Structures are given as structure tokens and as C-alpha cells.
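A.B. asks: Given chain Z's structure and the hints, the job is docking chain V onto it.
2 protein chains.
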Amino acid sequence: MSTGLHYFFEPNGIAVYGASTNPQKAGHQIVKNIIDSGYQGRVAPVSVGGEEVLGLPGYRDLPSIEHRIELVVLSAPAKATPQFVEQLEQRFNSTRDIGAIICAAAGFAEIGTDEGKRYQDMLTDFCSRNGVRLLGPNCVGTVDINMHLNATFIADITHVPGGISFVSQSGAVGAWLLMSWSATPGGGVGFNKFMSVGNMADVDIIEGLEYAGNDERTRVLGLYIEGSPDARKLVHTLGSIAEKKPVVILKVGRTEEGAKAAASHTGSLAGTDALYDGAFKQFGIVRTDTIEELSDTMRAFDTMPLPEDNRVFIYTQAGGPGIFCVDEMASSGSFSTAYISDESKAQLKEVLPPIASVCEPEGHADITAAATAQQHIDGLEVLLRDPEVDAVFFITVATLFLDLEEMARGMSELLERLEREEGIRKPVFPVIISGNYVWASRRILEENRIPTFASPDRAVKVLDNMIRYSRYRNERGDKQ
Amino acid sequence: MSTGLHYFFEPNGIAVYGASTNPQKAGHQIVKNIIDSGYQGRVAPVSVGGEEVLGLPGYRDLPSIEHRIELVVLSAPAKATPQFVEQLEQRFNSTRDIGAIICAAAGFAEIGTDEGKRYQDMLTDFCSRNGVRLLGPNCVGTVDINMHLNATFIADITHVPGGISFVSQSGAVGAWLLMSWSATPGGGVGFNKFMSVGNMADVDIIEGLEYAGNDERTRVLGLYIEGSPDARKLVHTLGSIAEKKPVVILKVGRTEEGAKAAASHTGSLAGTDALYDGAFKQFGIVRTDTIEELSDTMRAFDTMPLPEDNRVFIYTQAGGPGIFCVDEMASSGSFSTAYISDESKAQLKEVLPPIASVCEPEGHADITAAATAQQHIDGLEVLLRDPEVDAVFFITVATLFLDLEEMARGMSELLERLEREEGIRKPVFPVIISGNYVWASRRILEENRIPTFASPDRAVKVLDNMIRYSRYRNERGDKQ
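Protein sequences, first through last, are from chains Z and V.
To get my numbering, take the position in the first sequence, counting from 1, and add 40.
To get my numbering, take the position in the second sequence, counting from 1, and add 40.
Extracted from the complex, chain Z is given alone in its bound form (with noise of 0.2 angstroms):
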């Protein structure tokens, strides 16, 4: 299985065929974002016209190319295929360097047409006879940050080497999840793979989440997808993924009128999505509503402890967000209370202002406004300590007599000092609202592998996902 998969993520040369000196132009755009992501091989641009592009020298054809290409990036029209698969038949009979096809370009099996599945038919039959891996058609490429290679055409994707690998059936999807990294706090999200895999005529989404999931340096599988023909095989996939590591997902056609647009964009049969999420809950991936969750539950997987259990405490400076956050955490159902000991009350009142409420209710501790940075963390560091927690809701409102910087800075601070001197390693979730103004201390944050939210909707739906994950791991027995 998984044969030759390598070849789209660390190939040694790529040609980009259809390329451009026209920025308008995805074949321009492929090769620019081939270069700016630093790709360490040969670039060869291939056109009609033999063009430099962007200071690499251009090459009429394929097999006029004297260095070796294991991949190339198809990005000429549909109706190019006969030369494109003539020029690579010419190029095998001398030289059988390509193991891989990204085809980049749309116009084939997914517009219906007859002309359009002998297109795709044309490279399927050539990569088949000669064992080449076929990427799409119509689909965005692949990323490897850590090989330094981008061969998409995505306009931003941030270059933060991390532990998330993405597969998506949709290529929008996929860039819609990797440029919204850039609006981070920390302006960039660590991530390790990425593969959309388009119209799927010979490497499916089965065989990329095998592919990116068993990546070493991957520590959370995500994905996104409207259906599979094989829903079984899928699942037991993901779940064999999942016994070993995070697997977290969207997928679309939850209504019968998204499957029906499913399977009006891929083709794909939706399926039913209710055994589906049974599927899925059995075998302990996670499900996600919307970008924004699938995101945030990924950097959380990635870079955060899982909670030993659900007990949380919510540790607010502010009454109503921490009422909010209540509201949001008991509609879930995945929470429950953290009773600390009598003895972390007397430390909370001794370290806090003399009007904070602490613990009235139990599990919820309002500092107030009057509570200043230090404070902030002195009372965090109480609860980190208290065993009856598991997880904290760190919230926070900005004042102008609040430094935020210092508070940041320290929370940092206490979460290396306690796991490094005592082995306490527990998420904590630091919610801090709101806005330009707060940006710079959740940047501080984020450079320290912390993720923030800026809303406490957003940390429960995470830790929500965490608890779920961390109980299967638990359940299973093969807890970490």
C-alpha cells in the first residue's frame, strides 16, 4: 500500500508542465510557490514557448528536461493531455524518472463530459502501465513543510513546521484551512503534510490519510470530506489512525441537501451520514462542525496534554464571559466540575484580590478586574496544582490598567517551570478578550506553543473534543 506516495512530498526534481511567466496564471503561481517554500531540488518549467519563469530557465517539453524529475505538476488546459502523456511516453523510453503526477488542472472527469473522462482516462492508463502515482485531476497539490516544498497554488500558506498533517477532498477546503493560519496570533500554525486529492483517479483519500496518518512527524490527522465509496474501509483507516493518534474531522453532507450537493461537486455517494458519525464515534475520531473548530481542535491535539479526565475550573476576570462560558460548557455534557480542596481555596483568597468570589459556584472563581497580572497567574498556578483539575479556563478581559504582556509572559512561565520541576503538564485555555489590542499577548503565548481563543465558545467546543479523545484512548487502555 502507499507505494510511491513519497514522490509528492520529497521528490528529488519537479516539472512543472503548463507553466507561465503570466501571474494570472496557476502555472505561474505553482512555480512561484515551489520556490518561496524554499524547495531544496531542480525546478524545471516546461511551456510551448520554452519561457523562463521567474529566473528558472523553461523547457519546450518533458524530455528535453536533463536533470531528473520524479514529480510533475500538470497545469495545462484538459485538452493538453495527449501531448502532456505523449511527451511522458517519450521521456519513459529514455528515462523512467517520474514517480508521481500532481494534476493541478480541472476540466476532466468532474464536468461529465465524454471528452473530459477520456482525459483522465489518457493519464490513468499511463500512470497505471508505468506504476506513476496520479494526484487529481483537479485538485491543489501537496505541501510538506518540513521538506520545504509548497507545489500548490494557494496564495498564503505560512511555513511553520509543526505536527498536522491535512488530506481534503476538496482543494478550497484545504486552502481555506491553510491561509486562515496566517490571521493567527502567532502568524502561522505548525503543520507537517498536506494532500488534496481531487478527483481521486488513482491516489484516493484512504490511501493519503494512510500515507500523511503514519507520517512519523505527524501528531494529528485531519481531514475533510463529502463521501467515499468505500465508507467501511475508510473508517476502520481512521480508526486504526486514531488507537495511535488524534484523528480529527469535517465532513460535509450531514443534511440531505448538502449530500446532494456532495455528490453533485465529487461524484461522490454521500451516504448516510448518520452511520457515518456512529462509525466515527466508535471508533474515536472527532467530529468538527465548522473550519474554525477543525482548526483549533487540530493546534490544540498538536501542541497541548490531553486532560486526564473532564474535571474543569474556570478561572475568569470577568463575571459575565464566565457566566457565558458556564452556559457553553453544561449544553456540551462532557464536563464536569473540579472541587478543589479547601486548603487551594484558602491559597486562591490568599493570593487573589480580597473581592474575588472563589468558588461560588464550586469549579468557578471570578478574580475580578481589580486582579492584576501577577495575581492572574499566582491563582492560575493554585489550580494547576490542585489534583481535583484537569483542564482550566483561563479567561481574561482587557483593561488599560491590566498589563496583558506580563501576564502572558508569565503564564508561560509557570506551564514550562510546573511540567518541567514537577511533570504537571495539564491545558489550560487562556481565552483573552478581545480584539488589535490583546493581539500582542497572544502572540506571546502562541510563540510558546500555547494556542488562545478569543472566545470561551471556542475553548469548550476544543476541550470538549480533547475530553472525548483522551476517554476512547483511556477506554482502550493504551493510554500514553
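Quick caveat, the hints were computed from the structure, so don't treat them as lab data.
Do not rely on the hints blindly, as some may be mistaken.
Because identical chains share one entry, a pair is satisfied inside a single copy or across any pair of copies.
Only pairs whose alpha carbons sit at most 20 angstroms apart, straight line, appear in this in silico SDA-like list of lysine to any residue [what the hints assert, rightly or not]: (1) 300 - 396; (2) 285 - 452; (3) 300 - 283; (4) 300 - 376; (5) 72 - 463; (6) 273 - 97; (7) 72 - 196; (8) 65 - 413; (9) 157 - 394; (10) 273 - 320; (11) 285 - 394; (12) 389 - 402; (13) 65 - 441; (14) 157 - 230.
On a predicted model such as this, the values are computed, not experimentally measured, just so you know.
C.D. replies: Using the frame of chain Z, we list chain V on its own:
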């Protein structure tokens, strides 16, 4: 009713009692915010030492201020209340100019001590004897963007005049909302009045809502509430405003746990949420679940036309995000399909790329990544001209070869031209995906008062709210 509330928003002269030269103190930042907001009247900082604050001559007490002061902001510790009231009495012996007091300090009835209650009673006693209105204690103050007044200690309020007014039972939630607007692509959201009611020792939330809601500059009234001692009156007040303009609410205490926490916070009886919820529906009050939805909905009501009915067209440049949108819409249940005419379909096919999928299924076009900026706009014009279309979700995902700024300018011009030349006004929801890369195009739209959305789910929630309000107004036959 509502006598004297204008002193909170357009006072002739302000004193800040408890002013400070120390930027870490609220009494400093209130003075700073008043200055920074461009307040046109005189401002007198009052402190024990009588120091100059931020270039303003200081005073040792209220009686020694020689100019008129209609509003006093109290920012001294609660224990300073006896001296404060004594100074009020002294000033009233000669000059009865003060019309209102904002008590921005905490440590009064809300902390539950006898001392706190006594201080609060001293304030209310003075105010009721002298016809002075009291806001708070334990509130963050008031804002009036049109009067250039920010009498709060909120860190970062943008000053963009507009039609939204907001009344909050939690100062922190008010700050959350107002600060979040700095992070919108337009760099701010059009705003009118804000009031934080705190302990409601005198001015309660109902009176605040009546005042802000009936303000002629208010086009949409928003509120955050935990509960009211007079739920019936609250709901009727909101209902009578909702007959004229949209009222958008975030109410916590949805759950039993949340209600308990709310009771502990403001001491308010949260009441049975289901009763509130039914009354909101009955009176056309739009209830939202998150600050994000509250904010998005208020912005849309302020700037977009109400939809005629619920026939919606999904116009997407990318398959996956379009299907995601279908799921969100189907889950809501508020929408129906816009069945455009055969003529419109033919026109769409003419202006869109050949591989575009038009009305398969009905009410849905996938214009594909091949669509240029101009094609985006030409197709949108066809839809807006079709009488079967009440609203459009316009979804596009950035590629490096699509000129998003040209598209944004094109959309702004199209909407303006259709309204000016033909009186066509329909809500269009631009979902421009995603991250920093699309910021410039979103900014162009927002500067033209067209709200943009980061994801389809957010746009769907807003249109859902607009449709429900539009139907409420239509059913009452008082449609504008």
C-alpha cells in the same frame, strides 16, 4: 421615564473623581479615554492631591471646580464614598449642576457585604433626594460615538459613527464586543451609544434600553443580559422597540448551571430561560448564541437591506465551501431555494466560465476557480436582477490568479448602481476565504458598508436572523 439619561451621553462638563497620574489606575484611563474620544466639553480631574492629569488642571474636590459639570465619573475606591457624597452635598449647596453620576468603581452591593451595601445606599440616597441619575456602581460607563464621548476604562474602542447601540448588564461583555471591532477588516464598526448598567442601583437595564432604543440615531439595539427582576416589563420594552427596529440579544443563564452562576454574579434572578426564549420569539426579538453572532447580526441589520423573503441563492467559486454552506442552511430550516428563471440560467451560463455548474442543484452555482473577478460580478448581477432571489451567499476562495480587490470594487459598484438606477436592494453576503491574504479585499467592501464574513456558517446565522426578523415585521404588516 428616562429623565436625565442624556447627561450620561452629552454632558456639559465632566468631573472624574479619583483621577490619577498613574496609568495603571482606572482613574487615569477614564480621563485618557475622555480626551482621546475628542470630547468637546471641559474635563476636571479630581484627586486627593489635586494633581494635573494628562495636561488637565486638577482639583482637590468637587466644590472647587469653577466650571459647569453635568456628569461625574466616580473611580475612587468604595471606601471613599462618604467623602464623595459629602463633596456632592457641598457643591449642591451652591451649584446644582450635576445631573448624573457614573460609578465605575466596584466594591458596593455586588460583593454582598454590609459595608458595600451601605456605600451603595449612600449614593442612591443622595441621587434620589437630588434628582441625580446614577449608573452602576460596578459598571464600565458610557460611550456616545456621535457626541465624541468615551467615559469608560475600556482599552480600545474604535470611533466609527453608525447605527448600533448596545446596553450591557456586564461591563466586560460590553468591552468584549466593542474591542472586537478593532480586529474587523474595516478597522471598526459603525456605532452609536453604549451603556453598562452594573448593579442597577438607579438606572436599570430597562430604562437604558428604552433610552438607547428610542434614540433616533439607533438603527439596531443590542443587549447582553443575565436576568431582570421584571422580566415581563423587559420583554415588553424590547418588544415595543422591535416593532420599529431590530433588537438583538445575548442572554446567558440558558442552562441551569449558567443561571446559578449569573445569580452569583449580579445577584439577579435569572428566571426560567424557556420563558424568556418564548417571549423573545413572540415579540420579534432576535436571540443570538455568541458574541460573534451578536456582533455579525447587529452589523448586518445596521448596514444591509432586510431580505424580502427567504429564497436564497448560493453562488460559490469553490465546491467544498459551497456544500458546507448548504449543510449549514439546511440545518437552520429558515431558508428556501431561489429557483431562478430559465432566462437567468442562460445568462449565467453566458457570463460564467464554460466549466461552471449552474443550478445543479437548483439555487446553487459553482462558478469554479476559473472565474475571473469580472465573471464573479457579472454572475452576481444576473442573480440580483432575478425577482425569485431574496438574498445571495457569495463565496470565494483566494487563488493567486484571482484579483480579489478588483472583485471587491466591482461588487461595491454593482450594489450601489443597482440600488441607484433600479432600486434593487438585496442582502449579499460576501464570504471571502481566508486569512490575511483576503484582508485588503474585505476592507474595500467594509469601507463601503458591506459586511464581509470569514466563513459561510457565520453568514448563514446572520441571514437566518434577518429572515426571522423580516417575517416578524411582515406578519405584523408594518413593513417599511
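A.B. asks: Can you tell me if residue 157 and residue 394 fall within 20 angstroms by alpha carbon in one copy, between copies, both or neither?
C.D. replies: between (73 angstroms within a copy, 16 angstroms between copies)
A.B. asks: Please sort residue 389 with residue 402 into within, between, both or neither, judging by C-alpha distance up to 20 angstroms.
C.D. replies: within (14 angstroms within a copy, 62 angstroms between copies)
A.B. asks: How do residue 273 and residue 320 come out at 20 angstroms by Cα distance, when the copy is not named: within, between, both, or neither?
C.D. replies: within (12 angstroms within a copy, 48 angstroms between copies)
A.B. asks: Within, between, both or neither: how does the pair residue 72, residue 196 come out at a Cα-Cα threshold of 20 angstroms?
C.D. replies: Classified as within; 11 angstroms inside a copy, 39 angstroms across copies.
A.B. asks: How do residue 65 and residue 441 come out at 20 angstroms by Cα distance, when the copy is not named: within, between, both, or neither?
C.D. replies: Result: close only across copies, 6 angstroms inter versus 51 angstroms intra.
A.B. asks: Evaluate residue 285 and residue 452 at a C-alpha cut-off of 20 angstroms and name the case that applies: within, between, both or neither.
C.D. replies: Neither way: residue 285 and residue 452 sit 25 angstroms apart in one copy and 47 angstroms across, limit 20 angstroms.
A.B. asks: Are the CA atoms of residue 300 and residue 376 at most 20 angstroms apart within a copy, between copies, both, or neither?
C.D. replies: between (39 angstroms within a copy, 15 angstroms between copies)
A.B. asks: When no copy is named, should residue 65 and residue 413 be tagged within, between, both, or neither for a Cα gap of at most 20 angstroms?
C.D. replies: For residue 65 and residue 413, the Cα distance is within 20 angstroms only across copies (14 angstroms; inside one copy 51 angstroms).
A.B. asks: 20 angstroms Cα cut-off: does residue 300 pair with residue 283 within a copy, between copies, both or neither?
C.D. replies: neither (32 angstroms within a copy, 39 angstroms between copies)
A.B. asks: Classify it for me, residue 300 with residue 396: is the Cα-Cα distance of at most 20 angstroms met within a copy, between copies, both or neither?
C.D. replies: between (54 angstroms within a copy, 17 angstroms between copies)
A.B. asks: When Cα atoms must be at most 20 angstroms apart, do residue 72 and residue 463 count as within-copy, between-copy, both, or neither?
C.D. replies: For residue 72 and residue 463, neither the intra-copy (45 angstroms) nor the inter-copy (45 angstroms) Cα distance is at most 20 angstroms.
A.B. asks: Go through the copies and call it for residue 273 and residue 97: within, between, both or neither, with a Cα cutoff of 20 angstroms.
C.D. replies: neither (45 angstroms within a copy, 77 angstroms between copies)
The structure fails hints 2, 3, 5, 6, 11 and 14 (numbered hints given earlier, in ascending order).
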